[in-house]
Amino acid sequence: NAGVTQTPKFQVLKTGQSMTLQCAQDMNHNSMYWYRQDPGMGLRLIYYSASEGTTDKGEVPNGYNVSRLNKREFSLRLESAAPSQTSVYFCASSETQGSNSPLHFGNGTRLTVT
Amino acid sequence: QQQVKQSPQSLIVQKGGISIINCAYENTAFDYFPWYQQFPGKGPALLIAIRPDVSEKKEGRFTISFNKSAKQFSLHIMDSQPGDSATYFCAASRETSGSRLTFGEGTQLTVNP
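Chains L and B supply the protein sequences, listed in that same order. Take any residue in the first sequence, note its place counting from 1, add 157, and you have its number in this note's numbering. Take any residue in the second sequence, note its place counting from 1, add 209, and you have its number in this note's numbering.
What the hints contain is simulated information worked out from the structure, not anything from laboratory work. Do not rely on the hints blindly, as some may be mistaken.
[To be verified] No farther apart than 27 Å at their CA atoms in a straight line, the calculated lysine-lysine pairs in the DSSO-like style are these:
no. : chain 1 : residue 1 : chain 2 : residue 2
1   : L       : K214      : L       : K166
2   : B       : K277      : B       : K214
3   : L       : K166      : L       : K228
4   : B       : K280      : B       : K224
5   : L       : K214      : B       : K267
6   : B       : K251      : B       : K267
7   : L       : K214      : B       : K224
8   : B       : K280      : L       : K228
9   : B       : K251      : L       : K171
10  : B       : K214      : B       : K266
11  : B       : K267      : B       : K280
12  : B       : K267      : B       : K214
13  : B       : K224      : B       : K277
14  : B       : K266      : L       : K166
15  : B       : K251      : B       : K224
[As the list claims (entries may be wrong)] Sample of chain B residues with no beta-carbon within 12 Å of chain L, all distances over it, derived:
no. : residue
16  : V213
17  : L220
18  : K251
Ideal placement from N, C-alpha and C gives every residue a C-beta, glycine not left out.
All chains, please: the whole structure from these sequences, using the hints.
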């Protein structure tokens, strides 16, 4: 009963390096999301995928790209990391796009960009 | 701009006391207001949620109060316990945005034994 699994748990990058954050869910959910959490700013939506084969920008998409690889997996890529991207990244999934479909979050990836 | 504003940023309560966290929103199109609870090192998890057609929803020790005219809603934790120590986020969404939530800034609650 894994739910939403994120890898890696921790990562340190130098400015300009690239990396991909991986996310997989085993709940057969249709929708998946990437949020970033920063102190005093709550969680902000980066990108989301309403269903397999679709992706859309959220509130703070600049500097990121995503891939909905299949129904289970949704990855987030930083092409050229910047210190402003130091954050905790959370992947989430929901059964549907309905407003009362609860989000199920992974345990996060803590990223530091130096 | 923050469409959902949450206060206080941090809160310390004695065991058995009442914890109250407040949120205010700007967008009158919001029609779903959940609260999420987050323990250290974990992702947030849904705690309780309300729609604006009711003014209050209670689940055990947790109650949401909703004031549509004031565009405010709050979380009350009765008989607070040390195990309630966590970060709490209010959030809002509207039908046209589906489950894409707008979160408040978060409140770090500490319940002292």
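Hint by hint, here is what the structure shows:
no.	hint	result
1	L/K214 - L/K166	holds, 24 Å
2	B/K277 - B/K214	holds, 15 Å
3	L/K166 - L/K228	holds, 22 Å
4	B/K280 - B/K224	violated, 30 Å
5	L/K214 - B/K267	violated, 35 Å
6	B/K251 - B/K267	holds, 25 Å
7	L/K214 - B/K224	violated, 43 Å
8	B/K280 - L/K228	violated, 37 Å
9	B/K251 - L/K171	holds, 26 Å
10	B/K214 - B/K266	holds, 21 Å
11	B/K267 - B/K280	holds, 19 Å
12	B/K267 - B/K214	holds, 22 Å
13	B/K224 - B/K277	violated, 31 Å
14	B/K266 - L/K166	violated, 36 Å
15	B/K251 - B/K224	holds, 23 Å
16	V213	violated, 8 Å
17	L220	holds, 15 Å
18	K251	violated, 5 Å
Hint check: violations occur at hints 4, 5, 7, 8, 13, 14, 16, 18; the rest are consistent with the structure.
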